[in-house]
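**Q** One line per chain: the protein sequences are F and B, in this order. First residue of the first sequence? That's 0 in numbering that gives the first Met the number 0, and the numbers climb one at a time after it. First residue of the second sequence? That's 0 in numbering that gives the first Met the number 0, and the numbers climb one at a time after it.
Errors might be hidden in some of the hints.
To be verified - Derived DSSO-like pairs: lysine-lysine, alpha-carbon spacing no greater than 30 Å straight-line:
#1 F:K3 / B:K405
#2 F:K3 / B:K410
#3 B:K415 / F:K3
#4 B:K326 / B:K491
#5 B:K405 / F:K67
Said to hold, decoys possible - Okay, the calculated beta carbon distance ranges per label pair:
#6 B:K415 / F:L61: 18 to 26 Å
#7 F:L61 / B:L4: 50 to 58 Å
#8 B:A26 / F:V22: 51 to 59 Å
#9 F:L61 / B:K27: 47 to 55 Å
#10 B:K27 / F:L53: 51 to 59 Å
#11 B:A176 / F:P48: 35 to 43 Å
#12 F:A28 / B:L44: 26 to 34 Å
As the list claims (entries may be wrong) - The following residues of chain F were derived to be distant from chain B, with all beta-carbon distances above 12 Å:
#13 R11
#14 T14
#15 H46
Hints were generated in silico from the structure; no laboratory data involved. All values reported here derive from a predicted model rather than from experimental measurement. Each residue gets a CB set at the ideal place from its N, CA and C atoms; glycine is no exception.
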Amino acid sequence: MIVKIISFLRERLRTVIRLSYVVLALLVAWDVVFVDKHHAHTWAEKHIPGFWALFGFVACVLIIIVSKWYGHLGIMTREDYYDR
Amino acid sequence: MIGNLWIHPAAVMALGALLMPLVPRAAKKAYLLLVPALAFGAVYLMNGEWGTYGVFKVLDFELIFGRVDRLSHVFGYIMTLMAFIGTLYGLHEKEDAQHMAAWLYVSGSLGTIYSGDFLTLFVFWELMAFASVFLVWFRRRPQSLWTGYRYLMVHTAGGLALLAGFILRWKATGSLAFELLDVQNPDLATYLIGAGFILNAAVPPLHAWLPDAYGEATVGGAVFMCAFTTKTAVYCLARGLAGLDILVPLGVFMALYGVVYAVLENDARRLLAYHIISQVGYMVAGCGLGTEMAINGAAAHAFAHILYKGLLFMGTGSVLYMTGKSKFTELGGLWEKMPRAFVYTLIGGLSISAFPLFSGFVSKSMIIAAGFEEHNYWAGFLLTLASAGTFLHTGLKVPYFIWFGKNNCSKETWEKAADPPWNMEWAMIIASFLCIFIGSYTPYLYNLLPYPEAAAEYHPYTAYHLSETLQILLFTALGFFLLLKKLEPEPKISIDMDWFYRMGGRLFYRLARGPIQSADSAWGEGYRYCGLFPLMTTARFWSWFDWHGIDTVVDGIARTVRAVGGQVRRLQTGQVQMTLFYTVSVAAAVLVIFVLG
Chain F
0 MIVKIISFLR ERLRTVIRLS YVVLALLVAW DVVFVDKHHA HTWAEKHIPG FWALFGFVAC
60 VLIIIVSKWY GHLGIMTRED YYDR
Chain B
0 MIGNLWIHPA AVMALGALLM PLVPRAAKKA YLLLVPALAF GAVYLMNGEW GTYGVFKVLD
60 FELIFGRVDR LSHVFGYIMT LMAFIGTLYG LHEKEDAQHM AAWLYVSGSL GTIYSGDFLT
120 LFVFWELMAF ASVFLVWFRR RPQSLWTGYR YLMVHTAGGL ALLAGFILRW KATGSLAFEL
180 LDVQNPDLAT YLIGAGFILN AAVPPLHAWL PDAYGEATVG GAVFMCAFTT KTAVYCLARG
240 LAGLDILVPL GVFMALYGVV YAVLENDARR LLAYHIISQV GYMVAGCGLG TEMAINGAAA
300 HAFAHILYKG LLFMGTGSVL YMTGKSKFTE LGGLWEKMPR AFVYTLIGGL SISAFPLFSG
360 FVSKSMIIAA GFEEHNYWAG FLLTLASAGT FLHTGLKVPY FIWFGKNNCS KETWEKAADP
420 PWNMEWAMII ASFLCIFIGS YTPYLYNLLP YPEAAAEYHP YTAYHLSETL QILLFTALGF
480 FLLLKKLEPE PKISIDMDWF YRMGGRLFYR LARGPIQSAD SAWGEGYRYC GLFPLMTTAR
540 FWSWFDWHGI DTVVDGIART VRAVGGQVRR LQTGQVQMTL FYTVSVAAAV LVIFVLG
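Let's have the full structure, built from the sequences with the hints guiding it.
**A** And the structure:
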């Protein structure tokens, strides 16, 4: 059953991707229009629409770029490094 | 508790382990399930029976084996439960010794948790290290032996720091009771004890043992290891050092540190190991905040973490068990071959990422909320940043590069891949169920927490929290798919803090072969000339003196001196290591006499 569901979705990958974008847009719209932000702790959360969406995306990009940069400084090395 | 009789769950596990070789093969599987179930039963029956049990007086010390209160109960509860799930997962394993090592390890953990004094704690603490190292050695690869020794040496060093802290504290206060230390005015003893605890909690820079050992452990062994050592340390921090300020920045730093190394990691199990460091960072930060809500959060997150991290190690472990591979560059596209293992791993990944309706959502947020409530905004934001990283790796990278992505499987790997045996699957089903149950029905976990009133006031399912979490997670997913190319696994290893002792050890080895050995020979030569030569000359002189027999009174002296010379020669063979050994022994004896006197 699991295999069937996955292959069903994979065959319609384009539609799945489009639907995902729609979900993302709806989520931000819901946050901006409906969610009560009176109890948020900081100014940014109260006043920037879709603050956490921005935060999540920037966080993800930042983590990938900074980590890879750090790794390629010489931290990542060949697998038999300790064997010699 | 049965009537007035208190049964220590650690004793159940230890006795169960020791009796294992006597159990006939036909009854083995039932026995393997029965003993952890009994230990869980022993913990379960303690609920509400708070108090101190199992107190023994030995010399001047009061040994307390059973301090049962809400904090120890929640940890004992989840650990015995995990012992059952982990044993079920490894049920197919025919070698008794593997189960015995795992159970003694669990026993060490439980003993530490229920101990009320530092002496008892120390004994169980060491049992944990010495039993768990076998879970690495049983992998039986050539490198397993070395990894195990490194693991053992690091933990021995941590144990020594702990012991030194206990002795100093005893000298200063005359008490070995395991209570909250004076965290406002920490002294050397507090720092040494803290160092011992945070080494086991894998706080950088004392963390490299964790990915090193957990990546190398046996398939079943890793499931145990990921649950017990670090979470026992979190318990000790929550008990002894709650509110120690430095734990907050340390915890936040380790939450991010684990994330960075997880990006670089190519081995699925080592990636998960780095994510333990990241997740334990939340708990350490919670202990450092020290408020009721933060301690609740640390305990809740430890509880949830043991289940979902166990589940993730079981999922990737089943891939390793079936295919013999755990590196992303040797796997990929397995969704057709191992679909069920995929679903369980995904549930673990969604739980660790704190998706709504999964366990992390109701536990991790408690710590972050405690940070914001204390107006510790930078801690709150950085921990949120780390949770984006958590979803990025464990929720997306692990499942994607094993079950989807580029198919890097060799023909042999591909043919071997299939869903794992029934016992492994059932263990994963139970863990998956609990992950979802905890996330969906909060009173189950919240009633077990150390401060249930504070927990009852916390509501994770608000519109704001839901919206915040979903935005962070789904936009992290967007970033993941947009930057997929950059995340392609590379067949590399990353240098970490273990470089210092691995390369340092090599330096020592070279020193030992070069300078130290020549120093040893020089010492021997020097000794021959400066020590033996005068002695023998004296002896020969007396011999000559005797030989010529001037006086019968001195007749025996030559023989005596010769004998003494021989005795001295036997006592001191002139080797550096023996001399060092004697010197260190005498120094240690003097130190012990000074401390006890």
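**Q** For each hint, tell me whether it holds in the structure or not.
**A** Verification of the supplied hints:
1. F:K3 / B:K405: holds (20 Å)
2. F:K3 / B:K410: holds (24 Å)
3. B:K415 / F:K3: holds (21 Å)
4. B:K326 / B:K491: holds (10 Å)
5. B:K405 / F:K67: This hinted pair holds, its Cα atoms lying about 20 Å apart.
6. B:K415 / F:L61: 18 to 26 Å: violated (39 Å)
7. F:L61 / B:L4: 50 to 58 Å: At roughly 57 Å between Cβ atoms, L4 of chain B and L61 of chain F fall inside 50 to 58 Å, so the hint holds.
8. B:A26 / F:V22: 51 to 59 Å: holds (53 Å)
9. F:L61 / B:K27: 47 to 55 Å: holds (52 Å)
10. B:K27 / F:L53: 51 to 59 Å: holds (56 Å)
11. B:A176 / F:P48: 35 to 43 Å: Hint violated: Cβ distance 54 Å, outside 35 to 43 Å.
12. F:A28 / B:L44: 26 to 34 Å: violated (52 Å)
13. R11: holds (15 Å)
14. T14: holds (15 Å)
15. H46: holds (15 Å)
Against the hints set out earlier in the document, violations occur for numbers 6, 11, 12.
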